[in-house]
Amino acid sequence: MEIEIIEKVKLLREALLKNSKIKEVKSKEQLMLANEEVGLLIMSFQAAQEELKEAMRFKLELKPYQQKLSQAKEELYQRQEVKDYLEALKVANSLLKEINDELFTEFSPLSFGQSLWRSK
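For the sequence shown, the positions run 1 to 120 when the numbering used here is used.
I should point out that these hints are in silico values taken from the structure, not numbers from a laboratory.
Accuracy of the hints is not assured; some may be wrong.
No farther apart than 30 Å at their CA atoms in a straight line, the calculated lysine-lysine pairs in the BS3-like style are these [claimed, not checked]:
1) 73 with 8
2) 8 with 63
3) 97 with 83
4) 10 with 53
Could you build the full structure based on these sequences and the hints that come with them?
Here it is, written out as structure tokens:
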């Protein structure tokens, strides 16, 4: 939006500079028309300046919200990192349970007694 307004202002400036009818005016009617054109261009230029001021004010008003949004994004990334870490811990915990179960069945007192019985 801001760029569009700046482009409008540039175009209006060029139009004002190119409007050289005043130098070529040969009649009062041409002078009035040229003055009217310049007046309209100046009004358009002023309107574009007001739009630019409004856009700049709006941009300044948005700045705190943009900062809050950036902070919220950072917090979200941190939360995602924590979630990923917790998920990794869950996977590690289930693997440890599996290993523990295997070790318990292999080295349980019952299986230890059976292995002694077989060895005799």
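We went through each hint and held it up to the structure:
About 35 Å separates the Cα atoms of residue 73 and residue 8, which puts this hinted pair outside 30 Å; it is violated. Proximity of residue 8 to residue 63 is assessed by CA-CA distance (about 24 Å); at most 30 Å being required, the pair is judged to hold. For the hint linking residue 97 to residue 83, the alpha-carbon distance of about 21 Å falls within 30 Å, and the restraint holds. Restraint check: the Cα-Cα separation between residue 10 and residue 53 comes to about 15 Å, which is no more than 30 Å; the hinted pair holds.
The structure fails to meet hint 1 from the earlier list, while all remaining hints are met.
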